[in-house]
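Protein chains: 2
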Amino acid sequence: MLKHVSNVRRIAIDTLGADQSANALVRGALDAATADNGADSARFTFFGEARTIAPLLAESRHDVVHSPRSARVDDPLRGSLRGEVQSSMRAAIAALAAGRVDAVVSAGSTGTLLALSRHLVGTLPGVRRPAIVKGFGAQAGRRFSMLDLGANIGVAAAQLHQFALMGSAAAQSEGLVSPAVALLNIGSEVRKGPAPVRAAATLLAGDDRLRYRGFVEPDKLFLGEADVVVADGFAGNIALKAAEGALGMARYLLGRELASAQGDSAALGNGVLRRPLERIRDAYNPQLYNGAQLLGLAGVVVKSHGSADRQGFGCAVAQAMSALSTAMIAKVAAGV
Amino acid sequence: MLKHVSNVRRIAIDTLGADQSANALVRGALDAATADNGADSARFTFFGEARTIAPLLAESRHDVVHSPRSARVDDPLRGSLRGEVQSSMRAAIAALAAGRVDAVVSAGSTGTLLALSRHLVGTLPGVRRPAIVKGFGAQAGRRFSMLDLGANIGVAAAQLHQFALMGSAAAQSEGLVSPAVALLNIGSEVRKGPAPVRAAATLLAGDDRLRYRGFVEPDKLFLGEADVVVADGFAGNIALKAAEGALGMARYLLGRELASAQGDSAALGNGVLRRPLERIRDAYNPQLYNGAQLLGLAGVVVKSHGSADRQGFGCAVAQAMSALSTAMIAKVAAGV
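Heads up: the sequence lines are chains B and R, in that order. Using our numbering, the letters of the first sequence map in sequence onto residues 1042 to 1377. Using our numbering, the letters of the second sequence map in sequence onto residues 1042 to 1377.
All clues given are correct.
In this list, chains with the same sequence are indistinguishable; a pair is considered to hold if it fits within one copy or across any two.
20 Å max Cα-Cα, derived SDA-like pairs, lysine to any residue: (1) K1175 - G1152; (2) K1261 - G1289; (3) K1261 - G1296; (4) K1233 - A1197; (5) K1372 - R1169.
Since the hints were made in silico from the structure, they are not lab data. All values reported here derive from a predicted model rather than from experimental measurement.
Only chain B is shown next, with the shape it has when bound in the complex:
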């Protein structure tokens, strides 16, 4: 009788570098492990100030590594890469590189996380540049992912082509059989847009491994007609941040309306008005969408937003757990 061999998902958690305390991040990670109902358990190694972390882990299977210095944006890059400047982030990535863990989750600086990951963990064979990828909810329950969201600025058509292959493979690992791939562009006529984007259209259309759908304009993203949207890191980051800013504006308007509506509805019962408005305001709570993966690295690395709270960081950790469960790295390696 074959015994079920448990594959422990070993994840390094960088507890420093975020706006919130390590306490919130640790609790968020523990929440994610509790909520996860996968057959494979999760074992965390927390990097940071041991005296803060250890008390939160009583009688758990998780580990602590004392690495109390946060990676700082102004740390000299060479010194960080060479290990002359240590940080909780670097120690976590080194653990991944050494095979002591299978994933890293950090809320620290994206640029530093990228540089350290490329240097210590490296990219998958054939991958020239990792890309930041993130999942989004669209209308009618659809979802899409978009990459590159900021790791690379001004890439050539061939790199956009590889982003498409990585993104498509990652989407397949999440269950989509034949993901529809689109290129982010302005206008749908073929002659519009920057030269690399137009050239990439030809490459994607000619690649049988991809189901290329054509260009998609950023105002159509949330219709969810494409499963994977490919862009240069600058354009992708602009699109992501502009959408976030607009949703923040909508939430601001909702909050203002909520405040004045409470007065209106006092005679009729506060709950009636508040709940729908709060539901909408929270529907796009950025914390619930926290977490972006650095795709193309030889290991799972998830970047959490620096402003993540307990709930948000938990979402990022859940993403890392999911990437391990679906063997995303192996699929991306095969896809390029």
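Following the hints, put chain R in place on chain B, whose structure we already have.
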């Protein structure tokens, strides 16, 4: 005794090329004239199918020019520029070039409008490239304008510099004494972003005519800390469309909530819930923000969205009227 000389604002209205009928566009323009309380009256010349337009203008001071063919996206460009292919759009722009009107408003193809305007009207002395500029509402009643929103792709730093001068001059013509100017970029650290953007930062910072504030990320746009935001046309269009798409998503969620809330509140009175939700849903009704000016041309040219309805087109016409009242062209000419 000096007699007040009335400056009639003469505006050419292209009634074709939009999704909606000429009827809606004409009525929208007439609404704008009625709503305007400026000292100078507005006189329209409507270009399109005369038999459709004339009945709407009974006993008004407005004119009609019979030019029943719409500019089409696949019209040969050279033929259109040379006048071998006539359209209502071309006729309207030709009227501006000939000085028979002072402004043009069209809902037709942006690319065609730009090409025809540059060819027939030309740019202001010293202006290399016109840019698409648009105004936006931000939090706490603030406003900002952004350019270029799609006329130029991949410009150099010197062109971004000129966009800043044009945008700043336009904002001054609208009453801002010393507009705060920012460059759209990813990340606020100086070393981030594409090379032209980083080089433009130096140019703007060194120009005493500008109050340069630094970079602004797209998620901070709606905080309204900058009065004028400058970007390459590709990035500007991405930001604009992504924000529109996100707001469309928010309105979709609100609409869904509205539909289910009607059931909830039936026992308590339908109006209570509906009004706040509709207020928010309509607060960012794209129709109310319709209209973008092609800045840098030697005349006022306003581009309406192709999907504009009567109300939206009226907003675009109001923008043209306002640009004439504030002598925007003269100020932009002086600003560059």
